[in-house]
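**Student:** Start from the sequences, fold in the hints, and give me the full structure.
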Amino acid sequence: MTLVWSEIMKLGSWKPFDGEENIHPNDVEGHVLRDDLDRGHIDRLADSIRQHGYSPERHGQLGLNVTDHGENVYHHANGSETHPEDTRHHEHLLHALRDVGHGEVPMHIHDQSSDPETGEGPPKYYHGTTAEDLEQVHPNHGTTGNFGNTLGIHEPGYAYATSKSNAQHYADTAAMTHGGRARVYEVHPNGPVEKDPSHDAHGNARGNFQDDVRSKHGFTVLGEEGPGHEEHDEDEDHWH
Numbered sequence: 211m212t213l214v215w216s217e218i219m220k221l222g223s224w225k226p227f228d229g230e231e232n233i234h235p236n237d238v239e240g241h242v243l244r245d246d247l248d249r250g251h252i253d254r255l256a257d258s259i260r261q262h263g264y265s266p267e268r269h270g271q272l273g274l275n276v277t278d279h280g281e282n283v284y285h286h287a288n289g290s291e292t293h294p295e296d297t298r299h300h301e302h303l304l305h306a307l308r309d310v311g312h313g314e315v316p317m318h319i320h321d322q323s324s325d326p327e328t329g330e331g332p333p334k335y336y337h338g339t340t341a342e343d344l345e346q347v348h349p350n351h352g353t354t355g356n357f358g359n360t361l362g363i364h365e366p367g368y369a370y371a372t373s374k375s376n377a378q379h380y381a382d383t384a385a386m387t388h389g390g391r392a393r394v395y396e397v398h399p400n401g402p403v404e405k406d407p408s409h410d411a412h413g414n415a416r417g418n419f420q421d422d423v424r425s426k427h428g429f430t431v432l433g434e435e436g437p438g439h440e441e442h443d444e445d446e447d448h449w450h
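Numbering follows my numbering, in which position 114 of the sequence shown is assigned residue number 324; successive positions increment by one, without gaps.
Certain hints may be false.
Unchecked claim - Below, simulated DSS-like cross-link-like pairs (lysine-lysine); rule was C-alpha separation at most 25 angstroms, straight line:
no.	residue 1	residue 2
1	K374	K405
2	K374	K426
3	K405	K225
4	K426	K405
5	K225	K334
6	K334	K405
7	K225	K426
8	K426	K334
9	K374	K334
10	K225	K374
What the hints assert, rightly or not - Computed Cβ-Cβ distance ranges for the label pairs, DEER-style:
no.	residue 1	residue 2	range
11	Q261	D382	32 to 42 angstroms
12	H388	E230	39 to 49 angstroms
13	D343	G250	21 to 31 angstroms
The hints are simulated quantities; they were obtained by calculation from the structure and are not laboratory data.
What you are looking at is a predicted structure, and each value in this text was computed from that prediction instead of being measured.
Where is the CB? At the ideal position from N, CA and C, for every residue including glycine.
**Tutor:** Quick look at the structure:
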């Protein structure tokens, strides 16, 4: 009965909605994540939109990430004028569309807001680190970072999050290894997340937790948790 109930619980668990819709730029309201990385490149894309109009093939696919904390427009596909694997988030493209009075444009919708009928919300994610005053968890450029960086679990192009107890473990490990104070932040994904694989491409165990997730779009920090060590839940406190 325990196994059956476990499967029922999985089927009834909260899941985000993903789909494609045509949306007018003026209809996008709420918080739009700002990122000044590679500003020159984004300015060129915005200028191109103002001159030629928006084209997903040329400028990359736009995405709308709907959350309980506001909406993030993110630019997440490879257009002919984008850098390879460009997953940075910018409001400048949306501003360019509004400036030229552009009509509806295709957007990928990733809705991870709470269910208004049931009140059921998305799972909570946390990030363990020694970084102070963290505001964004950006995708890694290499195989090291401030999340579990002694474990060799990073892959370039991804940002990581996990449960609160596991985040505390990663933060403690980083503090013991590199110094500083262990910090745990509650974070919210800026776009779709996926389960962090337990093995790499060569079949080697990566030494991560079952609750670890990753995203190519990074995470926004909602707040820092108070200092201290919490007891790990029994189903969280084991490795792959």
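**Student:** All the hints need checking, so say for each whether the structure fits it.
**Tutor:** Hint-by-hint comparison with the structure:
no., hint, result
1, K374 x K405, "holds (16 angstroms)"
2, K374 x K426, "holds (21 angstroms)"
3, K405 x K225, "holds (13 angstroms)"
4, K426 x K405, "holds (12 angstroms)"
5, K225 x K334, "holds (13 angstroms)"
6, K334 x K405, "holds (14 angstroms)"
7, K225 x K426, "holds (18 angstroms)"
8, K426 x K334, "holds (18 angstroms)"
9, K374 x K334, "holds (8 angstroms)"
10, K225 x K374, "holds (20 angstroms)"
11, Q261 x D382: 32 to 42 angstroms, "violated (52 angstroms)"
12, H388 x E230: 39 to 49 angstroms, "holds (43 angstroms)"
13, D343 x G250: 21 to 31 angstroms, "holds (27 angstroms)"
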